[in-house]
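Chemist: Next come the chains, spelled out residue by residue.
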Amino acid sequence: MDYHQLVKDCLRENASAQKQLYDHFAGGMLGVCYRYTKSMIDAEDVLQEGFIMVFKNLHQFRFQGELGGWIRRIMVNTAINYLKKNSRYQTDLLFTDTMLHPVSTDDPEVMLNTKDLAELIRQLPPGYQAIFNLHAVEGYSHVEIGKIMGINEGTSRSQYARARALLISWIKKFSAVNKTETYARP
Amino acid sequence: MHDPKFEKEVQQKMEELTFIPSEAVWTNVSLHIGRKKERRLAPVFWISLLAGSLLLGAAGLYLLYTHKEHNSLVTIRANQDPKSTAILARPDKNSGGWAGHQEKFSRSSTGGALSDKSTATPSVSSGHAPENKTGIALVDKQAISNSRHGQTSVIITSKAGNTPANTGNTSANKGSRSGRKTDGQMTGASLQQAEASVPASTDPVYAEAGTATRNGQSLVELAPLDRDEPGDLAALLKAPFLPNINSTAGLPGPGANRAAKNTNLHKKAVWEAGFTGGAGFSTANERLIGAKTSNLMRDVVQPSSSFAGLAAAAAPSKTYTSRTNADLSFLAGIFARRPLSRRVAVTLGLNLHYYSTKVEITEKGGYTSISAANSLFNATSYAAPAPSPAPPEERHESVNQYYFLELPVSLQWQVNRSPRMPLFWEGGLSVSRLMSANVLYFDVNSGTYFKDGRGITNSTQLSASTALLLGLSFRGTRLQVGPQVQFGLTALTDERITGTKHLFYGGIKFAIIPGKRK
Chain A
0 MDYHQLVKDC LRENASAQKQ LYDHFAGGML GVCYRYTKSM IDAEDVLQEG FIMVFKNLHQ
60 FRFQGELGGW IRRIMVNTAI NYLKKNSRYQ TDLLFTDTML HPVSTDDPEV MLNTKDLAEL
120 IRQLPPGYQA IFNLHAVEGY SHVEIGKIMG INEGTSRSQY ARARALLISW IKKFSAVNKT
180 ETYARP
Chain B
0 MHDPKFEKEV QQKMEELTFI PSEAVWTNVS LHIGRKKERR LAPVFWISLL AGSLLLGAAG
60 LYLLYTHKEH NSLVTIRANQ DPKSTAILAR PDKNSGGWAG HQEKFSRSST GGALSDKSTA
120 TPSVSSGHAP ENKTGIALVD KQAISNSRHG QTSVIITSKA GNTPANTGNT SANKGSRSGR
180 KTDGQMTGAS LQQAEASVPA STDPVYAEAG TATRNGQSLV ELAPLDRDEP GDLAALLKAP
240 FLPNINSTAG LPGPGANRAA KNTNLHKKAV WEAGFTGGAG FSTANERLIG AKTSNLMRDV
300 VQPSSSFAGL AAAAAPSKTY TSRTNADLSF LAGIFARRPL SRRVAVTLGL NLHYYSTKVE
360 ITEKGGYTSI SAANSLFNAT SYAAPAPSPA PPEERHESVN QYYFLELPVS LQWQVNRSPR
420 MPLFWEGGLS VSRLMSANVL YFDVNSGTYF KDGRGITNST QLSASTALLL GLSFRGTRLQ
480 VGPQVQFGLT ALTDERITGT KHLFYGGIKF AIIPGKRK
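Just so you know, the sequences run in chain order A and B.
FYI, the numbering for the first sequence is 0 to 185, going by numbering that gives the first Met the number 0.
FYI, the numbering for the second sequence is 0 to 517, going by numbering that gives the first Met the number 0.
Worth double-checking, as some hints may not be accurate.
Restricting the straight-line Cα-Cα distance to at most 25 angstroms, the calculated cross-link-like pairs of lysine-lysine (BS3-like) are [as the list claims (entries may be wrong)]:
{"no.": "1", "chain 1": "A", "residue 1": "LYS172", "chain 2": "B", "residue 2": "LYS12"}
{"no.": "2", "chain 1": "B", "residue 1": "LYS7", "chain 2": "A", "residue 2": "LYS172"}
{"no.": "3", "chain 1": "A", "residue 1": "LYS18", "chain 2": "A", "residue 2": "LYS146"}
{"no.": "4", "chain 1": "A", "residue 1": "LYS114", "chain 2": "B", "residue 2": "LYS357"}
{"no.": "5", "chain 1": "A", "residue 1": "LYS83", "chain 2": "A", "residue 2": "LYS146"}
Selected chain A positions facing chain B (in silico; Cβ < 8 angstroms) [stated by the list, open to error]:
{"no.": "6", "residue": "ALA16"}
{"no.": "7", "residue": "GLN17"}
{"no.": "8", "residue": "TYR21"}
{"no.": "9", "residue": "GLY26"}
{"no.": "10", "residue": "LEU29"}
{"no.": "11", "residue": "LYS37"}
{"no.": "12", "residue": "ILE51"}
{"no.": "13", "residue": "PHE54"}
{"no.": "14", "residue": "ALA135"}
{"no.": "15", "residue": "TYR139"}
{"no.": "16", "residue": "HIS141"}
It is worth saying that the hints were derived from the structure and are not from the lab.
These numbers come from a predicted model, not from an experiment.
For each residue, glycine too, the CB sits at the ideal point set by N, CA and C.
Here chain A stands alone, though its shape is the one from the complex (with noise of 0.2 angstroms):
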């Protein structure tokens, strides 16, 4: 696809540019959207704030990477923006754990599917599960996670250390029961 035709199309106020470039990154921004939030609601509010900002800001977008990036950042914020917004996820983004965990070197190996993976992540305490997408999946740094959730540093890695770690826990336990089942079964 010529993302840089479609981006001019859009900024021409294309009605059907605009759609297509919808149609293209809808799908994997709402798996974006889906990961930090609790429900395909929540997932898709964000989702549709975070296409809006899109249209709006699209004459910034400088061609300079890839659009799919651009936009995933703009839903990224979006999704933090809506977490920090709704009473819902306030109480459980506020992080008092300052105290530094040392991240386990425990490296299992994902043998879950995805949806099943991002189930896991979804079950995450907010704070955690923001953060390890944002760590773990975006590739910010902890610097720059700080920058964004409004705290510091050492909160970020101590957040992340344990969110790791629960995740992992489950990972295992997710896995041992499938391991069962499987050998359960005839």
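Add chain B to chain A, keeping to what the hints say.
Modeler: Same frame as chain A, but now just chain B:
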């Protein structure tokens, strides 16, 4: 340092995570994009509306300024016929109210004083004028039909060469003159411009005008003009007129501003004070828009039977056309405003409003003209070339001035909801009191001009006004500016004397509400 193998696997798997969003998401997104377009178009709409309003106001001012109100016409025709006759256009007794006010003056050709005798001129309704008494028909049927626009004209014809021998004939030899009711103000003065060739011109044309009283009001008459003096009209116009100073109450000014809305004015409901002002043009018209159907012209126009006299007129005639043009007007005052709701506010004010109209009399020779104009947007003039070349025309101007003290009451409604550029529509009434005036009036009954301070002017005026104002804010001070028009609901003067006159004002208004600098 741990191996980020776990993170890579998670990242890889999450890249594959996709869902199909519901249709509602795109619907809402597209709707929001559409609303964004509407919001983008909204300023264009309001700016266009404002520009259109300003353009309309400017066009109105242009019309006001360029409007030529041919209030009256006086034509004096010289004829070599030894049996000179003077024809006075006479009111149609059957034509209505005007006939009752009509006065007819006949002037002796021997130089006698102007008498109050009515000439034997037949009425228009009769359709015929005796040839011995009516000398010249000045208008044709077309002019008659065109005169139905409420125009007033005075037509005086006097055949040149009148000699003392003519004095024996009272009706035919006397130079007769008629003052015709006109909407204009200055037609009658030109009556004095009887040509010097007419011996009767030695008579003071307006001898009795100096003592004229109208409806119990003493009219300050201009000095009687000698018919022998060709410059009578000029002298009349150049005479120092007593300044009329009328104070007019200004238009209601200020309105609610968006900033006031932001401070919950509807809750506080406090009075605000400010200054208002404006400048533009004013005029005095019979009606605001549209021509008035009037039969006044029939009082003046001779029937077609007298066209023979027109053909017989070999000598050039003189025409005096009086026009009332728009002139400068301005107002200044203070106001207090109280919001009634978020978008509606009531305003009380006190303004000093200056109106002025310019009266222009043009003297033309060799033409017989019929002019008609009584409304703001209607002006028609007809002219037929005379047999001889026309001498250069002369113009004389006089400015009528009024000063009114106004008490405007108005409601102001915020049309849009824009906090940056609120648009207000304002409408209201104002009661005004004439403080001073310097006016040259034309008495339609006697055909004379007279100065008047406050004699026949209705001192109390009721006016309606409307304005479209754009709100601006500078460091806490709110400014509203936009076009404004005001029309006098009550007659400016005694209609029985000068005809129906209403003040009209159009200009740019501004209102300032001082605020605390933030």
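Chemist: It remains to establish, for every hint, whether it holds in the given structure.
Modeler: Structure-based check of all given hints:
1. A:LYS172 to B:LYS12: Between A:LYS172 and B:LYS12 the Cα gap is close to 19 angstroms, so the pair holds against 25 angstroms.
2. B:LYS7 to A:LYS172: holds, 20 angstroms
3. A:LYS18 to A:LYS146: Not satisfied, since the Cα-Cα distance of roughly 33 angstroms exceeds 25 angstroms.
4. A:LYS114 to B:LYS357: violated, 88 angstroms
5. A:LYS83 to A:LYS146: holds, 14 angstroms
6. ALA16: violated, 12 angstroms
7. GLN17: holds, 7 angstroms
8. TYR21: Holds, because the Cβ-Cβ distance from A:TYR21 to chain B comes to roughly 6 angstroms (cut-off 8 angstroms).
9. GLY26: Interface hint status for A:GLY26: holds (4 angstroms vs cutoff 8 angstroms).
10. LEU29: holds, 4 angstroms
11. LYS37: At about 15 angstroms, which exceeds the 8 angstroms cut-off, the nearest Cβ of chain B leaves the hint on A:LYS37 violated.
12. ILE51: Result: holds, 5 angstroms to nearest chain B Cβ.
13. PHE54: At about 6 angstroms, which falls below the 8 angstroms cut-off, the nearest Cβ of chain B leaves the hint on A:PHE54 intact, so it holds.
14. ALA135: Holds, because the Cβ-Cβ distance from A:ALA135 to chain B comes to roughly 4 angstroms (cut-off 8 angstroms).
15. TYR139: Constraint on A:TYR139 not satisfied, violated at 12 angstroms.
16. HIS141: violated, 13 angstroms
Checked against the numbered hints above, the structure breaks hints 3, 4, 6, 11, 15 and 16 and satisfies the rest.
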